[in-house]
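Trainee: Quick mapping for you: the protein sequence lines, in order, are chains A and B.
Quick note: to get the working numbering, add 123 to the position in the first sequence (first position is 1).
Quick note: to get the working numbering, add 272 to the position in the second sequence (first position is 1).
The hints are simulated quantities; they were obtained by calculation from the structure and are not laboratory data.
Treat the hints with caution; some may be incorrect.
Under the rule of at most 25 Å between Cα atoms (straight-line distance), these lysine-lysine pairs were calculated in the DSS-like manner [unchecked claim]: (1) B/Lys374 - B/Lys415; (2) B/Lys535 - B/Lys635; (3) B/Lys535 - B/Lys347; (4) A/Lys210 - B/Lys565; (5) B/Lys565 - A/Lys196; (6) A/Lys196 - A/Lys217; (7) B/Lys565 - A/Lys242; (8) A/Lys384 - A/Lys344; (9) A/Lys286 - A/Lys135; (10) B/Lys551 - A/Lys196; (11) A/Lys243 - B/Lys565; (12) B/Lys307 - B/Lys324; (13) A/Lys135 - A/Lys390; (14) B/Lys535 - B/Lys415; (15) A/Lys243 - A/Lys210; (16) B/Lys374 - B/Lys307; (17) B/Lys635 - B/Lys341; (18) B/Lys598 - A/Lys196.
Label pairs and their computed distance ranges (CB to CB) [what the hints assert, rightly or not]: (19) B/Gln325 - A/Ile366: 53 to 61 Å; (20) B/Asn297 - A/Gly320: 16 to 24 Å; (21) A/Asp235 - B/Gly619: 52 to 60 Å.
As the structure is a computational prediction, the values presented were derived from the model and not from experiment.
Glycine is no exception: its CB is placed at the ideal position from the N, C-alpha and C atoms.
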Amino acid sequence: MNLIDQTFTRLKENQKTALIPFLTIGDPDVDTSVQIIAELEAAGADIVELGVPYSDPLADGPVIQRASQRALKHQVNIVSCMEAAVKARAAGVKLPFILFTYYNPVLQFGLDRFFEEVKKHDISGLIIPDLPVEESAELTRRAETAEIHVIPLVAPTSNERIKSIVAGAKGFVYCVSSLGVTGERSSFFVGVEEFIGQVKQYTDIPAVVGFGISNREQAEKFARISDGVVVGSAIVRQIEEAIPLLQNMDTRQEGLLQIRKFVAQLK
Amino acid sequence: MTQLPDQNGRFGEFGGRFVPETLMNALIHLEESYKHFSQEPSFQEELSYLLKQYSGRETPLYYAERLSKYLGKAKIYLKREDLNHTGAHKINNALAQGVLAKRMGKNKVIAETGAGQHGVATATVAALLGMECKVFMGEEDTKRQALNVFRMQLLGAEVIPVSSGSRTLKDAGNEALRYWVSNVEDTFYILGSAVGPHPYPMMVRNFQRIIGDETRRQILEVEGRLPDHVVAAIGGGSNAIGMFYPFIEDQDVALIGVEAAGKGVETAFHASTMSKGTKGVFQGSMSYLLQDKFGQVQEAFSISAGLDYPGVGPEHSYLKDIERAKYVPVTDQEALDALQLLCRTEGIIPALESAHAIAQVVKMAPGLSSDDIVVICLSGRGDKDVESIMAYTGGKQA
Numbered sequence: 124m125n126l127i128d129q130t131f132t133r134l135k136e137n138q139k140t141a142l143i144p145f146l147t148i149g150d151p152d153v154d155t156s157v158q159i160i161a162e163l164e165a166a167g168a169d170i171v172e173l174g175v176p177y178s179d180p181l182a183d184g185p186v187i188q189r190a191s192q193r194a195l196k197h198q199v200n201i202v203s204c205m206e207a208a209v210k211a212r213a214a215g216v217k218l219p220f221i222l223f224t225y226y227n228p229v230l231q232f233g234l235d236r237f238f239e240e241v242k243k244h245d246i247s248g249l250i251i252p253d254l255p256v257e258e259s260a261e262l263t264r265r266a267e268t269a270e271i272h273v274i275p276l277v278a279p280t281s282n283e284r285i286k287s288i289v290a291g292a293k294g295f296v297y298c299v300s301s302l303g304v305t306g307e308r309s310s311f312f313v314g315v316e317e318f319i320g321q322v323k324q325y326t327d328i329p330a331v332v333g334f335g336i337s338n339r340e341q342a343e344k345f346a347r348i349s350d351g352v353v354v355g356s357a358i359v360r361q362i363e364e365a366i367p368l369l370q371n372m373d374t375r376q377e378g379l380l381q382i383r384k385f386v387a388q389l390k
Numbered sequence: 273m274t275q276l277p278d279q280n281g282r283f284g285e286f287g288g289r290f291v292p293e294t295l296m297n298a299l300i301h302l303e304e305s306y307k308h309f310s311q312e313p314s315f316q317e318e319l320s321y322l323l324k325q326y327s328g329r330e331t332p333l334y335y336a337e338r339l340s341k342y343l344g345k346a347k348i349y350l351k352r353e354d355l356n357h358t359g360a361h362k363i364n365n366a367l368a369q370g371v372l373a374k375r376m377g378k379n380k381v382i383a384e385t386g387a388g389q390h391g392v393a394t395a396t397v398a399a400l401l402g403m404e405c406k407v408f409m410g411e412e413d414t415k416r417q418a419l420n421v422f423r424m425q426l427l428g429a430e431v432i433p434v435s436s437g438s439r440t441l442k443d444a445g446n447e448a449l450r451y452w453v454s455n456v457e458d459t460f461y462i463l464g465s466a467v468g469p470h471p472y473p474m475m476v477r478n479f480q481r482i483i484g485d486e487t488r489r490q491i492l493e494v495e496g497r498l499p500d501h502v503v504a505a506i507g508g509g510s511n512a513i514g515m516f517y518p519f520i521e522d523q524d525v526a527l528i529g530v531e532a533a534g535k536g537v538e539t540a541f542h543a544s545t546m547s548k549g550t551k552g553v554f555q556g557s558m559s560y561l562l563q564d565k566f567g568q569v570q571e572a573f574s575i576s577a578g579l580d581y582p583g584v585g586p587e588h589s590y591l592k593d594i595e596r597a598k599y600v601p602v603t604d605q606e607a608l609d610a611l612q613l614l615c616r617t618e619g620i621i622p623a624l625e626s627a628h629a630i631a632q633v634v635k636m637a638p639g640l641s642s643d644d645i646v647v648i649c650l651s652g653r654g655d656k657d658v659e660s661i662m663a664y665t666g667g668k669q670a
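One chain only, chain B, in its complex shape (with noise of 0.2 Å):
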């Protein structure tokens, strides 16, 4: 297994602490603490037991018989991480951050979001672990997404719009990091991606890589072999480096990351920060990042709230540039066409984000052979886009 990041926090030149003076002490004894009681067998203990009891862990490794045969070739497997608790795998990484930040001493919580996802989780942990909860939220996500405002309200948490930028993800994650800065001291904040200033990418990967250690031991059961192919939809990147990292080792199994092409990556409109991307310093990180020549951010553009993000975390830019995994756009229509695809075969809605993720493979089936096993991280559950489908397609099935 590898040993990134290195004490600078650094994978390769990716990664590293950007931020204002005024966080670098609370960064430092962050990473103390996560050091100190995430070896703490009471604290393992604690969070194993939440992950199967509330969250139902293990996820199945599903066997997607009929998607196979559709697609001619290689037997698919869906990791089903749209089973957790919460219906995606932001649960796990909240989890975990909501037992160290209780073990820290922190009673308050703050969290970004973008479509609501990692929103919900931290306001179902916080409500779980009796916590104070603020969630922040670009002004545009909190219209496209009302009802998860609201399940966030539900849930005993405040949700603070965010008016700044272009009033999305990126914002959110702005304006909770300037909250953390004034209420550093009380507060703990609960990142949701594989991105930030050190220790987050790291923390984050290794809170998600239950993931990939449970599909490699999945996979062995079932087919006495590793998969030739482990597929993951990536914006941050959580879902993405949970399941490559335990596989990183394991040179014959190509890892793939599918990133938002929206409109296609030939137009302004995606959000394909590897492909089309440059080395930048964003959200208090080194790593690949949408700007302009002058390094100004550029805004993202996706059908799928989760990928629509100008950065990447920094442990994909790395394994991208030394060629460990290989990065791939998808555009929304490909993206959709393969959700309606898994529901019509399989019976199962997934997030928009996961639905990326099939359409590479969909795209991909071709050149398999029947001997090949694929595995596609199903990141999340559809439900929470289904009425943005139906905007988009004009409530006809395509």
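One chain only, chain A, in its complex shape (with noise of 0.2 Å):
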């Protein structure tokens, strides 16, 4: 069984609901990024994303760019982050990993050795933002020979389309929670609640909430609704801040229990 699976599995059981931190891997260096997410499973979260640097990230707003920006200047790419989900197993992180990469990176690595390396690296699942239904056959058919999930992307703007998005889809459906790019926001998608209820219409995998999420009241109240929220840029700009910290051996661990501290306060 997929560990995504297991892990929705068990949260349903104890009535409890996923909280999905997300970072992007290299920033400040990859070495570091391995022990934020030591970190995050420690302050309770469930599920990581690992964020592949782009050059071009067209669904990301700006800290998550700058993130990017500054893990492409010391060259890393996808295979240094699919390493980073193996280098984290190894110092004992036992969460389920999804890596969430534009798709040009994986048209480049070539579809087939790509699930290889996938399954390979111990990553159960997939979020690929510029991938929209008409374009995934391709990758969805070798996701699923390689049991690896594609978690689908649904917007408030996907009206009737959601009913085709999230046909046959696995893991959970990742439901945007406003018009816009990722980043920290105060207001969203008025109709958010019957958005996420009309999801769940036509689908019986989990439905999570992400984009914007940033701070306690927010995870709570979409948390009430949905069965997880992701945390991106809001945990992005925590790592950002602490760089300082996390680059000089005397003060790293302060920096690391900084972002530990405001993961654990989201749950």
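Join the two chains into one complex using the hints; note that each chain is given alone, in its own frame.
Mentor: Listed below in structure tokens is the structure:
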């Protein structure tokens, strides 16, 4: 059974919802990312999204754009991101990994070889924000063979598309909380509750909300109406602010602790 | 005429729609609205009226006699898109998309711009049609083209400097798409080249094909036959696809796209997507692309801001792969030399973009015969470039 499914089964039994943090791998460097992943788990994360830095991140706001730029400066690529998963596992991290990547790095890797490597690196799922259902047949077919979940995104503008997007979906459905790119925000799509309800009408797999969730109050609000929340930019910002601490051996633990504390209070 | 793209927006394997889900319904709705309104006689009437009375079409197909004599053999014609209102072919597409936006009930438009030509064209159309306009422009470009920034502001547009990535055209395009994702319900994105997700490459081609349609008719009138060579500069490729498209079925007409080689294709400083790029997904479609082996998009380089783009329109990638069109690189220096040649032989200052097409004909000239007819798309005028040419040559003539 895919680790993501195991996680949601366990959460459901305990009547809990998932906390899914995102981080950009390689920001500020891969080894630090590996340590942060361990902190995320310690803080109560249930699944973690490993963000592959990309030169042209169309779906991302300024915080994740900046993190990508920092990671790309020292040549972090899709291979180093997969290796981070293996390193985290070796360090004792148990939670499932989802690779969050734009489509072009996957395409250049070669679809066949890509899934072999994803499997080899103990990654359970994929989120590809620029690959709508119309373009994803080739990838989905290979993912199914490899038993990797491709997590579909549905948006407040999806309307009648929801049904075809979630048909046959595995893992969970990622509901985009509002119009726009990633990044902290104070207001969300007004019909978001109804929107999640619509998604649930067409699928039995968990529905998770993301984009813009940045504090405890918002996380609690969305956890009540869904099966979990993704927190991305807010964590990436915490990491950004902690970089001076993380890069100094004397203060590194303090920096890691700061990130852990922030994530722990979201739960 | 080719029936491409197919229903998925594909030209062979190129094209498609690689965008966040939030935009998908907007793109589908745009395609439906385009198909619906562009068929309406009143849409065609309004657009034809504006192209004629406002932009000054049709543009002349001018026999460049002194340039022809100087180069020796073939007869060279210039399709004078530089004589359009705002000085380039960009207005053809901006007017058409503006009229479409209006009919779709959208009163806010956005655009991306590199050198500022498309931004100025969109700001112009927004003023004409009474729409609110935001133009995204790389911070680097706002500095290099300060005059165009002011021009857009004069026309009532808001210019938004983009400080992400390389702070040039590709980043302006990214930021326009991001803004559109956030404001998709009331905003129309007037995309300026034959790139991006479906239906843009198709729509922009169809709005620019007036260049090729007129050329075909004009050359038949004057010469009684079709040209042997049609040459156009290519960044994203909107003037080139507009010029090529009506000639695609005419197998005897050679179609030549000229891309920017910057300091040379063997250096790291070029924008030769066709010569040096590989297939990939960028800004919503599959096409040739300048990228590294991990799929990170590389920065392009050219003296011409309009060609300084790491991608290319998907239909061009298709025409290259089926070998219907040929794509060749021309360096900064070759383009500058050709620009000066046209200034002195014909009294026309071409845009740096268009100068690349002229340079290609200069290079081809020794191999042409006196019966040959060549048409060059003179896509824009060079007034906007005078300052950067002066900086490049140190004020001296080459």
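Trainee: Does each hint hold? Answer for all of them.
Mentor: Hints and how they fare:
no. : hint                            : result
1   : B/Lys374 - B/Lys415             : 32 Å, violated
2   : B/Lys535 - B/Lys635             : 17 Å, holds
3   : B/Lys535 - B/Lys347             : 30 Å, violated
4   : A/Lys210 - B/Lys565             : 24 Å, holds
5   : B/Lys565 - A/Lys196             : 16 Å, holds
6   : A/Lys196 - A/Lys217             : 30 Å, violated
7   : B/Lys565 - A/Lys242             : 21 Å, holds
8   : A/Lys384 - A/Lys344             : 20 Å, holds
9   : A/Lys286 - A/Lys135             : 24 Å, holds
10  : B/Lys551 - A/Lys196             : 24 Å, holds
11  : A/Lys243 - B/Lys565             : 21 Å, holds
12  : B/Lys307 - B/Lys324             : 23 Å, holds
13  : A/Lys135 - A/Lys390             : 16 Å, holds
14  : B/Lys535 - B/Lys415             : 22 Å, holds
15  : A/Lys243 - A/Lys210             : 12 Å, holds
16  : B/Lys374 - B/Lys307             : 15 Å, holds
17  : B/Lys635 - B/Lys341             : 15 Å, holds
18  : B/Lys598 - A/Lys196             : 36 Å, violated
19  : B/Gln325 - A/Ile366: 53 to 61 Å : 59 Å, holds
20  : B/Asn297 - A/Gly320: 16 to 24 Å : 19 Å, holds
21  : A/Asp235 - B/Gly619: 52 to 60 Å : 59 Å, holds
Checked against the numbered hints listed earlier, the structure breaks hints 1, 3, 6, 18; every other hint is satisfied.
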